[in-house]
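Those sequence lines, one after another, are chains A and B.
Residue numbers in the first sequence follow my numbering, run continuously in steps of one, and reach 852 at the last position.
Residue numbers in the second sequence follow my numbering, run continuously in steps of one, and reach 603 at the last position.
Heads up, some of the hints might be wrong.
To give a feel for the contact side, a few chain A residues facing chain B, derived at Cβ under 10 angstroms [unchecked claim]: (1) Asp752; (2) Asp754; (3) Ala757; (4) Ala778; (5) Lys779; (6) Ala808; (7) Ala817; (8) Glu822; (9) Val824; (10) Val832.
If you want the ones that stay clear, here's a sample from chain A, every Cβ over 10 angstroms from chain B, calculated [to be verified]: (11) Gly746; (12) Met781; (13) Lys843.
Over the 10 angstroms line for every Cβ pair with chain A, so calculated as not near, a few chain B residues [as the list claims (entries may be wrong)]: (14) Gly255; (15) Ser417; (16) Gly428; (17) Arg585.
If you're looking for bench data, these hints aren't it; they were derived computationally from the structure.
Glycine is no exception: its CB is placed at the ideal position from the N, C-alpha and C atoms.
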Amino acid sequence: MNHPLRITLCVALLSAWLAGCGSAVKLDDKAPVVDAKATPAGANSGASSGASTAQSAVTTVDASKINPVAAGNLGRVVYFDYDSYALKDEFRPLIEGYARVLSSAKAKKMVIEGHTDERGGREYNLALGQRRAEAVAKSLVLLGAADSQLEAVSFGKERPVSEGHDETAWAKNRRAELKDR
Amino acid sequence: MVNPPETQHCPTRRRLLAGAFAAGAWPVATQAQFRVEIAGVGATQLPVGVTKFREEDKSGQSISGIVRADLERSGVFRIVDSSGEFDETSRPNYTDWRGRGADALVAGSAARLADGRFDVRYKLWDVVKGSDLGGQALAVVAADLRLAAHRIADAVYEKLTGDKGVFSTRIAYVTRVANRYTLRITDADGEGGQVALNSTQPIISPAWSPDGRSLAYVSFESGKAVVWAQDVASGERRSIANFRGSNSAPTWSPDGGTLAVTLSRDGFSQIYLMDPNGGNLRRITQSSAIDTEPVFTPDGKSIYFVSDRGGSPQIYRVGASGGAPDRVTFSGSYNISPALSPDGRTMAYVNRNGGEFKIMTLDLAGGTVRTVSDTVDDESPSFSPNGKLIIYATRSQGRDVLMTTTLDGRIRTRLLSSGIDVREPIWGPFGR
Chain A
672 MNHPLRITLC
682 VALLSAWLAG
692 CGSAVKLDDK
702 APVVDAKATP
712 AGANSGASSG
722 ASTAQSAVTT
732 VDASKINPVA
742 AGNLGRVVYF
752 DYDSYALKDE
762 FRPLIEGYAR
772 VLSSAKAKKM
782 VIEGHTDERG
792 GREYNLALGQ
802 RRAEAVAKSL
812 VLLGAADSQL
822 EAVSFGKERP
832 VSEGHDETAW
842 AKNRRAELKD
852 R
Chain B
172 MVNPPETQHC
182 PTRRRLLAGA
192 FAAGAWPVAT
202 QAQFRVEIAG
212 VGATQLPVGV
222 TKFREEDKSG
232 QSISGIVRAD
242 LERSGVFRIV
252 DSSGEFDETS
262 RPNYTDWRGR
272 GADALVAGSA
282 ARLADGRFDV
292 RYKLWDVVKG
302 SDLGGQALAV
312 VAADLRLAAH
322 RIADAVYEKL
332 TGDKGVFSTR
342 IAYVTRVANR
352 YTLRITDADG
362 EGGQVALNST
372 QPIISPAWSP
382 DGRSLAYVSF
392 ESGKAVVWAQ
402 DVASGERRSI
412 ANFRGSNSAP
422 TWSPDGGTLA
432 VTLSRDGFSQ
442 IYLMDPNGGN
452 LRRITQSSAI
462 DTEPVFTPDG
472 KSIYFVSDRG
482 GSPQIYRVGA
492 SGGAPDRVTF
502 SGSYNISPAL
512 SPDGRTMAYV
522 NRNGGEFKIM
532 TLDLAGGTVR
542 TVSDTVDDES
552 PSFSPNGKLI
562 IYATRSQGRD
572 VLMTTTLDGR
582 IRTRLLSSGI
592 DVREPIWGPF
602 GR
């Protein structure tokens with residue numbers, strides 16, 4: 672979508688950047704990161720077709736609504752080891768990505784749903800799933816999200832994604848899912 | 172191995188009981204067919220004759236059949252040849268009955284009254300002594316004929332064993348078929364099922380109020396765990412714990428004046444007390460661990476609960492107004508789901524050992540731990556109100572089933588429900 676105001680802002684930012692005020696302008700503050708590996712706003716995103724004004728090209732980012740598909744590169748699920756609620760390193764980029772998304776869109780809310788595998792009591796597993804969701808929420812808050820943007824809830828063992836009875840199935844069920852609200 | 176008659180009855184709908192529907196209108200769920208299997212019998216069984224009640228065919232319920240099945244299912248009685256036409260006014264031929272091997276005899280009638288109710292009468296005789304042990308007359312509406320039969324079985328059981336019977340009590344449990352869940356209430360024999368709640372989202376942790384009129388439970392219908400309290404007869408319900416995070420594990424104090432619940436609202440799963448309407452919230456555990464599954468002692472003075480504050484889940488006891496908890500379970504590294512016997516002397520719980528989940532009992536005074544089940548995927552033990560039986564859920568041949576067992580594990584029955592998974596049984600109180 673093209674908004675004249677956005678284009679104006681982007682051009683203004685680009686101008687400021689080009690004018691050498693780069694260190695004072697954090698481009699990420701203005702445009703939410705939709706892809707942890709995305710190039711900074713203002714640079715040629717590759718969409719332009721090599722016109723002679725490529726260096727001035729602007730790509731509009733609509734920050735009014737984070738599109739889950741656009742955030743799709745981040746993934747939506749964090750997985751856990753048995754009897755554990757520790758966040759594994761491999762999910763750190765995902766958490767950091769969402770923390771950025773949340774801290775730059777203060778109206779955005781998310782719910783984190785914690786789950787366990789099928790083994791063990793229902794209530795204890797509900798609490799374990801809750802602990803997993805809280806661990807993700809606490810990390811997001813530490814990295815810049817506001818507590819009020821998040822709710823951690825749990826389904827315990829009641830909502831498996833895989834109904835199998837082996838470690839392959841269990842591993843898929845030990846998870847926290849991040850969802851938009 | 173005793174093969175009791177398979178009792179299948181058309182579901183009778185209690186006049187005042189209306190289902191509460193979580194998601195629009197549902198067609199009435201098909202009645203589960205329960206088949207009771209008894210494994211293991213007591214050392215001696217008391218032989219009893221229970222003859223067909225006069226006019227019971229016209230009543231629509233096999234009253235004598237229900238009494239026979241109840242007595243047999245307890246494992247304490249054996250039914251002898253009960254042919255012949257008798258009622259509560261008969262004068263039994265004791266020689267004939269001794270010849271059939273009976274020690275006791277039950278006979279009765281079920282006459283229809285002018286107002287449409289039924290006058291159910293019975294009498295019990297001691298065949299050995301050749302004496303009349305008394306009887307009763309109960310006037311009931313058609314919908315309560317099953318209940319009348321259970322009450323007769325209770326009276327016979329109590330007269331002959333000295334213990335209170337639980338045949339006229341109810342159980343509640345959760346069923347699941349694909350993505351449809353129900354909270355169901357049946358007689359203790361698994362028959363006469365009524366649906367209290369229909370949902371497309373999970374239902375867990377049902378708990379009876381001490382007066383048997385309400386059920387508290389956890390429903391995920393709003394997208395997370397919320398505690399509800401529902402009046403069983405009217406279906407009226409309200410959510411009583413819907414705080415931030417998960418709300419679960421409801422349980423009533425013995426006087427019905429307080430509920431304990433697990434709330435994660437402060438960032439940790441902790442135990443809180445509240446009034447039955449959800450007010451007057453007080454936190455009674457103070458840890459940064461998981462504290463959950465509270466249950467009151469019968470005297471209302473203490474609460475047993477599960478905590479992993481020591482690294483893995485164990486069962487603890489704390490005063491009902493809070494304080495420093497004492498640990499109660501010491502064998503094994505994973506002990507959960509405490510249930511207390513009505514006399515407060517025994518705790519049933521689930522122990523995990525090497526991947527196997529088994530119901531155990533702990534003698535609270537002496538410390539003796541006993542294995543009660545021979546299955547390996549048990550959950551959710553609950554005592555009958557006479558303290559003689561434990562009902563629990565387990566997995567058998569790929570299905571979730573309900574089991575009852577005597578405390579010594581010797582007499583077990585399996586309530587099999589074809590095609591649907593059943594879980595989370597909770598035994599209701601005396602006197603509904």
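> Where does the structure disagree with the numbered hints, that is, which hint numbers, in rising order?
Replying inline: 1, 3, 4, 5, 7, 10, 15
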